[in-house]
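Given chain B's structure and the hints, the job is docking chain U onto it.
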Amino acid sequence: MMSKKIVIVGGGPAGTIVANLLAKKLKKEEASITVIDKTGRHVYEPGLLYVTLGDQDPKGIVKDEKDILNKKVKLIVDEATKIDTKKKMVEIRSGDRLDYDYLIIATGARLCPEEVPGLKEAAYHFYTVDEALKLKDALEKFDKGKIVIGVGGVPYKCPPAPAEIACFLDYKLRKRKTRDKVEIHYLSPLPRVFPIESIDPIVNEIFDKEGIKYTTFFNVESVDPERKEVRSLEGETIGYDLLILIPPHRGSKVVEDSGLGDRGGWVPTDRYTLKVKGYDEIYAIGDATDLPISKSGAAAHYEAKVVANNIASEIKGIESQDKYNGKVVCLCDAGNKAIYLNFDYDHPPKPTRPRWVYRLLKLTFNKLYWYTIAKARFL
Amino acid sequence: MSEEPKVDRLIDARNTFCPGPLMELIRAIREAKVGEVIGVLSSDTGSKRDIPLWTSKAGHKLIGIYEKAGYAEIVVQKMK
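Protein chains in written order, with the numbering used here: chain B, 1 to 379; chain U, 1001 to 1080.
These aren't lab readings, by the way, just hints derived from the structure by calculation.
Pulled from the structure, derived: some chain B residues nowhere near chain U, Cβ distances all over 12 Å:
1. D78
2. I92
3. E210
4. E226
5. K275
6. N336
7. T352
8. L361
9. L368
One side only, chain B facing chain U, incomplete, derived with CB under 7 Å:
10. P155
11. P159
12. L190
13. E197
14. I293
15. F343
16. Y345
Quick caveat, the model's predicted, so the values are computed rather than measured.
The beta-carbon is built from N, C-alpha and C at its ideal position, and this holds for glycine as well.
One chain only, chain B, in its complex shape (with noise of 0.2 Å):
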C-alpha cells in the first residue's frame, strides 16, 4: 500500500487535534501528516479574556506547536499561499509546493478591523495577546467615564464573549472599587443581550442586578474616533469614553486566494462529513468553515474527531460513515461564576444557573488544555 500524504493547513486548534488524532490512529507506512502553520506558535484564546482583566500570564497561554504536535506530524512554519484542488498541491511562501492525497482546511478566522470605518483607530478588542494586554493597559488606567463594548461585525469567534467580557469586566470594577464611576454599556447584534435565547434570561438577569446598560438591535456600522461615537446600521449613535468592538472576520486569505471560499471567505462544508463542498479528499474544519455553528475551539475538536476517524478508517480500508452532530461545549466566565452549555443539531441548549464549580472547571480547563485536547489525549 502506498502511503497516503495528509496535509493540514491550520496549526490552530481544529489543526493540531486532528494532525495529532491521525498520527495516533495510522502507522507512518500509512501515511505522512503534515501541518503547515503560519506563526509555529499555538494560541490559546479562551485564555486572551483573562490576559486581559490581568488573571493570566500570557505566557501560559502561546506555546511552540512543534512541542504540542505528535513527533510523527511534521511541522512546516510558512504561510500557504495558494490550494491548487486541480493539481491537489498546496503552495507555500518559499515556493515549495506539497502534494496532498488528503487536505484539511483549517485556516481559522481573520481579523479584518479595516472593514470598519474608524474602528482600528478608536476600538481595543482582546482577540490577539497584543490587543489584549493593550486593553489591560487603558483598563488599568480606566477609573471614570462610560466603556462601550460590542462586536464591529458577524460572524465571530465565540459568540458569547462580549457579553462574557461586560460581567468579568463588571466584577472585576467593583473589586477594584470603581464600579459606580464606570458605566458599562453593551451594545447587541441581536433582540437580547445573549445569543441564545433560552439562556438570555439568565445572562439578562445578571445585566439588569449589576447594572450593565445594553442596546440590542446594534450591528456596528463605522466608528467616529474624533466624536468618541459609534453609530449602526440600524440608525442608531452611541458614545464612549472607551470602546471594546470585536473586529469583523473573515476566512483565510489563502482560502480566498484559491477561490475557495464564500463572500466572507468562509469555506463552504457540508455540516455532516465535514467535507469541502464538491470535494471528497478536502474536509474543512474550525473557524474557517460556513457553517451557522460558533465559531470556538470546542466546535473544532468535535469536527477534528469526526474527521480523524473518517479519514483514517479510509486510507485502512474501514468502513466509516462518523458524521459530525453540531456538538458545542462551552462555558461562559461572569467573573466569579460560570454558565455551562452544551448542545448539539438535535438537543438545544439547556438553561442552567452560573455556579462557582462550572468557573473552576473552566479554569482547570484552560490549564489542562495543553496536556489533552491539544494532544488528543483522552478524546
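Positioned in the frame of chain B, the structure of chain U alone reads:
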C-alpha cells in the same frame, strides 16, 4: 404568499442555536449587494419573530415567511 420568490443566497441555519439564524442573516445581508434576496431556513420558532423585527429596524424588506415541514424559510431583500 403562495408563490415563493427566487433567492440569491440560501442559508441553512436549521437546528443551530449559536450564534443562530438571525446572526446568519445579518452576516449575509452585510455581504450582499443592495437588491439581493436572502433566504434563511430556520427551525427556531423565535426566528419568525426576531427576523421580521430586525429587518424592519434595519430598513430591509421582509418578502415572506414560508412554512415547511418542521422549519420555515424566511426571505429578506437587502434595501440599502
